[in-house]
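With these hints in hand, go ahead and build the complete structure from the sequences.
Sequence lines, in order, name chains P and C.
Each residue of the first sequence is one higher than the one before, starting from 1 at the first, in my numbering.
Each residue of the second sequence is one higher than the one before, starting from 1 at the first, in my numbering.
Hint data in this document are derived by calculation from the structure and do not stem from the laboratory.
Be aware that a few hints might be false.
Below, a sample of chain P positions facing chain C; criterion: calculated Cβ distance under 10 Å [what the hints assert, rightly or not]: (1) Leu22; (2) Leu26; (3) Arg228; (4) Ile250; (5) Ser270; (6) Tyr315.
Heads up, simulated DSSO-like pairs for lysine-lysine below, C-alpha to C-alpha not over 27 Å straight-line [as the list claims (entries may be wrong)]: (7) Lys4/C <-> Lys104/C; (8) Lys233/C <-> Lys172/P; (9) Lys100/C <-> Lys225/C; (10) Lys117/C <-> Lys172/P; (11) Lys135/C <-> Lys225/C; (12) Lys107/P <-> Lys172/P.
The beta-carbon is built from N, C-alpha and C at its ideal position, and this holds for glycine as well.
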Amino acid sequence: MINYIIRRILYAIPILIGVNLLTFALFFVVNTPDNMARIHLGVKHVTPEAIAKWKHERGYDKPLMWNGAAQGAKQASDTIFFEKSIGMFAFDFGRSDEGRDIAHDIKTRMWPSLAIALPVFVVGLAINITFAMLMAFFRATYIDFSGVVLCVAMMSISGLFYIIGGQYLVSKLLHLTPISGFDTGSSALKFLILPVLIGVIGGIGSGARWYRTIFLEETSRDYVRTARAKGLSELSVLFGHVLKNAMIPILTGAVVVIPLLFMGSLISESFFGIPGLGSYTIDAINAQDFAIVRAMVFLGSVLYIVGLILTDISYTLVDPRIRLE
Amino acid sequence: MLFKPVLLWTDMLLWLLLVSVAFYIWRVRQREHLLQPWRRLLRSRSGVASALVLLAFVAVGVFDSLHFRLPLEKQGNGAETHYSPEVLSVFDLMVGPLRKQVEKTYSAPFAAHLYTKETIELPGGKQVRDYPRLKYGGAHLRDPVREQTGDVVVTALRGGVYALALGAGLTLVLALWLARRRGISIGAAWVMIRHGRDEIPWRTLLATIGLLILFCCLATVFSVKYHIFGTDKVGQDVFYLALKSIRTGLMIGTLTTLVMLPFALLLGIMAGYFRGWVDDVIQYTYTTLSSIPGVLLIAAAVLILQVYMDNNQELFDTVAARADLRLLFLCVILGITSWTGLCRLLRGETLKVREMEFIQAATAFGVGHFRIIARHVLPNVMHIVLISIVLDFSALVLAEAVLSYVGVGVDPSMQSWGNMINGARLEMAREPMVWWSLLAAFVFMFVLVLSANLFSDRVRDAFDPRVR
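Below you can see the structure in the form of structure tokens.
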């Protein structure tokens, strides 16, 4: 087990190097630091001196990958690639193009993101599984059919409309919660209710339908027939047998997401004005701050890989048949 | 010349796509085993209905992809003809009044007055602040307050009568055709249609066509006189904008597939078929790509394109060409981020297929790898390709809206549902609220995505061998 985990972590390194190379190529080779400087300085202030100054302040005036002018090891290390990329592996994200400390920003902004993403995840999972169970319990009846129709209709609505509609109905018409904003401590609660509610409702359509398929696939297995033949009630078959055996596909979808919860949701955070990592990224995209976007891309991939490893580990906890070698 | 045809990049790809679909249909018609799943699809009611709605959307998108530029008036004799910088499409001509009837600013659906008060000069020289009449919306009414309700009812009835006549004609044609084809009397064919006694659900088919005809007739008779969905900030008809957005949504949904398909097919089958180091390299590539959060990769790539376009403005002769390149680029980058899923599926399936007896027999006979892949592996994994294409379509249409909202989607000058929603965000804060462009975007997107979802469900049922 420990060996397996270590090997998986070692496997992750070439993938992260690949991610890093790819984002580096995207940001610095296709789009030279000169271009970036021009965008940030604006049309009026573009002079060769201003560009050189802007580049020097941010360390973009070095060669991209190979410094022929330097001596020894510095030929590789005194370059943009080395300075801007290697640090990422130590989670040293450096400074944004605006001069802010990215690591510090991430540390403070991940909490609001978690405050929304975690409840959405937990409540959403519980509600989706409950709905799916209900549909599986009443399978091939009118309830099941209308449930599926409702799910398809709900998943055909863009997430943007859930947010806009929710804000209009709950905040503007009924005045139950503030439209947007955030606060620290327990007073944050009133700002959190609506985004969490909308996040859960927006996910029901596809979620419940997905879990229903899993449950139905599981109920067609032999052991379910045996359990029924034994005279167990349908409820205990569903909860005692099917749910337990359906855990593998459920975990596959769920555990991968957990680490990514840090990243928050781009859309709902910017709609509700929550100072999390999602809105941080959107702001960076709009301000064309490439340093932040790169850091977030890298962080996202690290978390995704962590999620994959966690999924594998969780398999062994649920299903003793699976042994990781 | 009367006009100058404009061939945008996405247009060309769309026509390429249509040609390949036509080729696929031609092939399927000759082969009974390929035809069977489609027959199954035709027998399901929701499958038929959603396919028809999708076809209606596709028709709008195709007509909107025939672009041209009209000539400007000639300056003197013998001078060279210059063409207008505005790129139009055949669809623009078809809905002529919708495009041209531009008001001053916001007006509500079916309104005869502007949504904001303005200072109006009365004939006597006095000035009052009131809601001015619209230039086009309800302009034929003398006293909108009293006449409008009656006018709307009469117009609706007229549209209804047109639709009824068209629908009845179509039913008759269908009955005649069925009677000839099955060798029965027209009466018997009519009874068959009415009671649903055929394997193809004609009733659902006719009802869906009837609804589509009714919508078209009502939209036609009303849009000459009123703005059905009101107008936006610069006075453009919102119904027109929503219709124009169909092309954008469809393009994102279909062209992305066209971009990702070669990657997914080639790499997925290669990884599964050759195994060994080829498999390792391909697996490494798609794991790396799929571990990058999609939205961020797309955002980064679009930002870079923006910089490139700002630096090379001389490459684009019209605004449309610029917007089109961005749309194409968006499809490419969406394709690059989304081929990994299908590739993984195909790799798994190919691993299974290559162990089957007929392929081992082919290998023993000394058939080349390329032929085996083309003749044996490819046809046996096609159902996965088809299912995943239709399943992805609605997700891509929804993704377009979100990306445009984030600011990394299609060009702001291009009509799209995402841009409409984005604009509606500011209108929400207005007092009183401007809700109609949001509603229009919602309705159109919902209908398209819902029918795509229903259709893809049916396709999966018909093609997935495990479901049978």
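How the hints compare with the structure:
| no. | hint | result |
| --- | --- | --- |
| 1 | Leu22 | holds, 7 Å |
| 2 | Leu26 | holds, 6 Å |
| 3 | Arg228 | violated, 22 Å |
| 4 | Ile250 | violated, 19 Å |
| 5 | Ser270 | holds, 8 Å |
| 6 | Tyr315 | violated, 18 Å |
| 7 | Lys4/C <-> Lys104/C | violated, 31 Å |
| 8 | Lys233/C <-> Lys172/P | holds, 22 Å |
| 9 | Lys100/C <-> Lys225/C | holds, 13 Å |
| 10 | Lys117/C <-> Lys172/P | holds, 24 Å |
| 11 | Lys135/C <-> Lys225/C | holds, 11 Å |
| 12 | Lys107/P <-> Lys172/P | violated, 33 Å |
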